[in-house]
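*Asks:* These protein sequence lines map, in sequence, to chains Z and W.
The number in our numbering is simply the position in the first sequence, starting from 1, with 34 added.
The number in our numbering is simply the position in the second sequence, starting from 1, with 34 added.
The set of hints was computed from the structure by calculation and includes no laboratory data.
Check the hints yourself; a few may be wrong.
Since the list gives no way to pick one copy over another, a pair counts as held whenever it fits inside one copy or between any two copies.
Stated by the list, open to error - DSS-like cross-link-like pairs, simulated, lysine-lysine; straight-line CA separation at most 25 angstroms:
no., residue 1, residue 2
1, Lys-135, Lys-312
2, Lys-214, Lys-312
3, Lys-112, Lys-328
4, Lys-328, Lys-214
5, Lys-61, Lys-135
6, Lys-214, Lys-301
7, Lys-162, Lys-264
8, Lys-214, Lys-61
9, Lys-260, Lys-312
10, Lys-135, Lys-264
11, Lys-231, Lys-260
12, Lys-162, Lys-301
13, Lys-112, Lys-125
14, Lys-231, Lys-214
15, Lys-312, Lys-54
16, Lys-231, Lys-162
17, Lys-135, Lys-112
Every value quoted in this text rests on a predicted model; they were computed, and no experiment measured them.
There are 2 protein chains.
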Amino acid sequence: MYYIGIDLGGTNIAVGIVTKEGEIVKKTSVPARAERPFEEIFADMAACIARLLNETGIPEGEIASIGIGTPGCIDTEKGMLVFAGNFKYGKMVNYRDLMAKHYPNIPVYIGNDANVAALGEVRAGSAKGMRHAIMITLGTGVGGGIIINGEIYEGQASAAGELGHIVLVQHGEQCTCGRKGCWEAYASVTGLVRQTKAAMQANPDSIMNNTPMDQVSGRTAFDAAKKGDKAALAVVDRYEEYIAEGLADMVNIFRPEVLIIGGGICKEGEYLLAPVRKYVGEKAFGAGLLPEQKIVVASLGNDAGLIGAALLHA
Amino acid sequence: MYYIGIDLGGTNIAVGIVTKEGEIVKKTSVPARAERPFEEIFADMAACIARLLNETGIPEGEIASIGIGTPGCIDTEKGMLVFAGNFKYGKMVNYRDLMAKHYPNIPVYIGNDANVAALGEVRAGSAKGMRHAIMITLGTGVGGGIIINGEIYEGQASAAGELGHIVLVQHGEQCTCGRKGCWEAYASVTGLVRQTKAAMQANPDSIMNNTPMDQVSGRTAFDAAKKGDKAALAVVDRYEEYIAEGLADMVNIFRPEVLIIGGGICKEGEYLLAPVRKYVGEKAFGAGLLPEQKIVVASLGNDAGLIGAALLHA
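Whole structure, please, built from the sequences with the hints as guidance.
*Replies:* This is the structure:
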């Protein structure tokens, strides 16, 4: 049997046929054009599935399920999007019914995008075979996915795993969620850019200032640090400690076998991981007495969501 | 069938016969005298069981299992204490083998004391019937128990649930675990006493100063606050916010159906809970959009551990 995975993003929709082992047989994508009615978006998704089946010669009867990873707040039991900011009709949309119009004989499952990415990494990526795993994705915010006994942990209303929204500094930086001092406000790329800009202003001699202020990105400080720039080294060190502080919380709470870091920052590889591991080792409970956890970067990149969605109930 | 539950504390050992519904048929206790060899401690526990069986007339064949709740780091699969600070021979002690010498025909299970207390509250206490629950116990430290799908979540090496050791203030107050700024350092009774003493020194006119400095307890600020003392009201308000800050983290991470607060502070009841609920409501993610969780005080008191231990595999 094969599994259809769909990664429904705000910009692109990726659709793929996946094996039980998490290998992508074939994939395709179309622009989401999220301002459209959902019926049109689902017609596009169904057309992608039809094309993939046609091109691979896999009969519809060989498809065990269709899994959809989506941003927003969902009701997995009903297969429904409850609320999402980035779709025009983003309230109370039943994905399962919409897909059933095109493929009435195939079960449809949905999952939160951060959760299915975590599942993808556990089934086929850098955490393959692990039972208990925590994935964080560092981007505009800090996304989270909790894997317990090899399955997504969703909590009440499928709303668990908002791992970016744990406090790091009580009454600290304003977070987008309304609270102050969240981990996300410090460990997201948005936070890193803010920290980089502040260091540039405070250190006019830093080579970070070769980058115009409006072009500062998550790379600016890392690139300058690798050239030995002291102000940049301080930014990177502090940023790594911010990441580690929240990861140590995850260790103390979940004692997982593996912590997975996703997002563009993964490209820094061991340059990022080595100091993060050191800080986590210092901050986690019972250091030296308890088995350690692996800390790895995600290996599936943009495919994690597609693969995880495909294998939601595989 | 009936279940034996044992709450093995550093001071006392409580032993009871429990029904599947979590009702205590009969219980007894003996001093732990934890400085003794474990063989003697287990002989005492076995004698307690024999006496309870004799007094209730329940035959040994009616006992489905013996569950032991213990402090320290454990290996539940092997039924072994790996490490505990408060027992003389607190390293690598196989509880299962020690009990099997007395009751070879009854399966023996072990659990961490904070975890079995949480299980007790979910099976028979203030969170009865809930699937996803988080319990914190406010005392010398902040203990934690995680219940997922009605069962204890243990993580790697049974070491999950160190909920007091998540950061509240990065680089803040020194915590006993070696890290700085842990929730425990602020929300434990130890933290409250420290905050109370600081407020007494800063506010010589406060009626809190009627209590001698060396007799300050977790009640001092609460008692004075109820009499309208402004400095005490400020201490209590800040302490409630500390509690709520970590509980909001638990909501965002687990989105549980219920948060249970245990420890002596429970006696404050709604006087404590109402402000804590308000703060959690303000700080939790997606307030107003997502189903809320209950916040309750533990109802089983010292029996929670005994009942939870009894029902570890019931």
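*Asks:* None of the hints should be skipped; say for each whether it holds.
*Replies:* Against the structure, the hints:
1. Proximity of Lys-135 to Lys-312 under the C-alpha cut-off of 25 angstroms is found in neither arrangement, the shortest distances being 52 angstroms within a copy and 45 angstroms between copies.
2. Proximity of Lys-214 to Lys-312 under the C-alpha cut-off of 25 angstroms is restricted to the inter-copy arrangement: shortest distance 16 angstroms between copies versus 27 angstroms within a copy.
3. Taking the shortest Cα distances, Lys-112 and Lys-328 sit within 25 angstroms of each other only across copies (24 angstroms), while inside one copy they are farther apart (35 angstroms).
4. Taking the shortest Cα distances, Lys-328 and Lys-214 sit within 25 angstroms of each other only across copies (23 angstroms), while inside one copy they are farther apart (30 angstroms).
5. Taking identical chains as interchangeable, the C-alpha atoms of Lys-61 and Lys-135 lie at most 25 angstroms apart only when both belong to the same chain, with a minimum of 22 angstroms there against 61 angstroms between chains.
6. Proximity of Lys-214 to Lys-301 under the C-alpha cut-off of 25 angstroms is found in neither arrangement, the shortest distances being 29 angstroms within a copy and 30 angstroms between copies.
7. With identical chains, the CA atoms of Lys-162 and Lys-264 are never at most 25 angstroms apart, being 38 angstroms at best within one copy and 56 angstroms at best between copies.
8. For the homomeric pair Lys-214 and Lys-61, neither the shortest alpha-carbon distance inside one copy (41 angstroms) nor that between copies (48 angstroms) is at most 25 angstroms.
9. Proximity of Lys-260 to Lys-312 under the C-alpha cut-off of 25 angstroms is restricted to the intra-copy arrangement: shortest distance 19 angstroms within a copy versus 47 angstroms between copies.
10. Taking CA atoms no more than 25 angstroms apart as the test, Lys-135 paired with Lys-264 passes in neither setting, with 59 angstroms inside one copy and 65 angstroms between copies.
11. In the homo-oligomer, the alpha carbons of Lys-231 and Lys-260 lie at most 25 angstroms apart inside one protomer (17 angstroms), although the nearest pairing across protomers, at 48 angstroms, exceeds that limit.
12. With identical chains, the CA atoms of Lys-162 and Lys-301 are at most 25 angstroms apart within one copy only, with a shortest distance of 20 angstroms there and 47 angstroms across copies.
13. In this homomeric assembly, Lys-112 and Lys-125 come within 25 angstroms of each other (Cα to Cα) only inside a single copy, at 14 angstroms, whereas the closest approach across copies is 49 angstroms.
14. In the homo-oligomer, the alpha carbons of Lys-231 and Lys-214 lie at most 25 angstroms apart inside one protomer (20 angstroms), although the nearest pairing across protomers, at 27 angstroms, exceeds that limit.
15. In this assembly of identical chains, Lys-312 and Lys-54 lie within 25 angstroms of each other by CA distance neither inside one copy nor across copies; the values are 36 angstroms within and 46 angstroms between.
16. Taking the closest pair of Cα atoms, Lys-231 and Lys-162 never come within 25 angstroms of each other, the shortest separation being 38 angstroms inside a single copy and 51 angstroms across copies.
17. In this assembly of identical chains, Lys-135 and Lys-112 lie within 25 angstroms of each other by CA distance solely inside one copy; the values are 16 angstroms within and 52 angstroms between copies.
The structure shown violates the earlier hints numbered 1, 6, 7, 8, 10, 15, 16.
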